[in-house]
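Chemist: Residue numbers (my numbering), protein chains in the order written: chain A, 5 to 230; chain B, 2 to 262.
Treat the hints with caution; some may be incorrect.
Just the calculated beta-carbon pair ranges, DEER-fashion [as the list claims (entries may be wrong)]:
| hint | chain 1 | residue 1 | chain 2 | residue 2 | range |
| --- | --- | --- | --- | --- | --- |
| 1 | A | Asp129 | B | Pro186 | 26 to 34 Å |
| 2 | B | Thr248 | A | Glu165 | 54 to 62 Å |
| 3 | B | Phe81 | A | Pro92 | 32 to 40 Å |
| 4 | B | Phe78 | A | Arg65 | 53 to 61 Å |
Source of the hints: derived by calculation from the structure; they are not laboratory data. Just so you know, even glycine gets a beta-carbon here, dropped at the ideal spot from N, CA and C.
Each chain, letter by letter, is given below.
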Amino acid sequence: MLFELERVRASRGGAEVLHDVSLALPEGSTCIAGSSGSGKSTLLRLLNRLAEPDSGRVAYRGRELASLEVLALRREVALVPQLPALLPGTIADNVGFGPGLVDRDVEVAVLLDLAGLPTAFAERDADRLSTGEQQRVMLARALALEPRVLLLDEPTSALDERTRDHVEETLKELRRRLGISLVLVTHDFAQAERLAERVVRLEGGRAIVADPGPERTSVSTPPAVR
Amino acid sequence: MTPALDIGFAEVGAALGLVAVAVLVSLWQRMRLEGDIAVAVARSFVQLTAVGFVIQLVFEQDDLLLVVALIAGMAVFGAFTARRRAASVPVAFAPLLVALLLAGAATLGLLVALGVFSAEPRYLVPLGGMVVGNSMTAAAVALSRLGDEVTGSWREIEATLALGATAGQAIRPILRRSLRSGVIPLIDSTKTTGVIFFPGIMVGLLVAGAAPLDAVRLQLIILYMLLGSVTISSVTAVMLAQRSFFTPAHQLREVAARVAT
Ligand SMILES: Nc1ncnc2c1ncn2[C@@H]1O[C@H](COP(=O)(O)OP(=O)(O)O)[C@@H](O)[C@H]1O
Ligand SMILES: [Mg+2]
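Make a model of the complete structure from these sequences and hints.
Modeler: Rendered as structure tokens:
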């Protein structure tokens, strides 16, 4: 199992946001769909240990998260946050930042291409991009870590329909080409069905559907929503 | 030594005449500051008089241990005061205390070691007070700025942590701005000193009858000393306090994140 959550409770701003969530997320692509404020971002931040649950257990590939080296975990399980937050500097600086921390070089052009950006963007200033472009740089920056799992927090919520479709295509493509597992959070149930092999619904901090269903391989298979 | 000044409480009382003007203006313009002015006048009178007696005692005892105790006491009080100004920093008291003690010890130690002043209470006490006071202001500004910056940039910090950065790496871009804000006010006032304002020591010496160039030389020593000490205290306070925004697992603590949303 990629991730297992057992009786997880988590708080945000002093109030409990996730109430007793138990979930099993297998390899592949899973969407966590729920309305705004239902606790999706809170849940996602638990998976790479940006936040700690109040109680309960979170495991990654059978191992308790707390027992793993946290920085290595975050490189292996890369999170793309809900709102773009780029570092000052060029786009190449941003893409190279994570690998630079472990003295690894990156092919910026390849990563920009993977994220659906023109390679000419590399030398552009990070603060001179549209929101959609920033989202893609955030994606390229996460991919630069060569992760095995990508956690995406509403990657298209700030985008218009056409850009959204592009990003969705990019994500499917990534899944096909790199075999990366995806955990994608969205408030858009239609998007969840388009993108995911499995959909988990989150409502008021409780997981409504946690049945992983039979293992599926094709992205186009209808998700197991009940 | 300079000729003794003859200032009694009658002269101090006369200066209150100007405070009366301030109170009248406050009443006239409905500034509602009369209460604050009264408190400020009363507190400054009580505090300075008390300090005067303490200093007199320390001078009479002529014991360096007492001097060290007095300066350490000022550092504790200063850290306590500054902590309230840096309320958004999870752990501020200990970093501030270490910063003030270090700035005081380093600056005074250096001046004595270089033979600029001899290690006597009548030099160490007033200089120690200035060093601790200025260091406190600078460290408080730097820490409160640090708290604001962390609160305002929590998304960037978390996004950087998510790339596998350590807490220290994630907060580094912010440290520079906080440190600058602690030291810049003194640099600016040092730049304009003598042109736009006369610093207190020099005024004091001139009033007490010192030769102008003597007054200037002492003032310069003190300005340079303060530049060193505010830098030491800002750096120390910020470096020691930064970790308190994070858990040991390189997670940004919620106190910082919450205020922003
Ligand atoms: N930084 C924060 N400080 C305080 N409360 C927060 C913060 N972030 C989220 N919350 C609250 O926690 C709840 C869940 O938030 P979140 O997990 O971000 O939901 P979602 O991502 O599903 O919209 C919401 O009620 C939200 O108001
Ligand atoms: Mg969210």
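Chemist: Does each hint hold? Answer for all of them.
Modeler: Structure-based check of each hint:
At roughly 31 Å, the beta-carbon separation of Asp129 of chain A and Pro186 of chain B lies within the given 26 to 34 Å, and the hint holds. Between Thr248 of chain B and Glu165 of chain A the beta carbons are some 40 Å apart, a value that contradicts the proposed interval 54 to 62 Å. At about 36 Å, the CB distance of Phe81 of chain B to Pro92 of chain A agrees with the hint of 32 to 40 Å. A beta carbon spacing of about 54 Å between Phe78 of chain B and Arg65 of chain A agrees with the range 53 to 61 Å that was offered as a hint.
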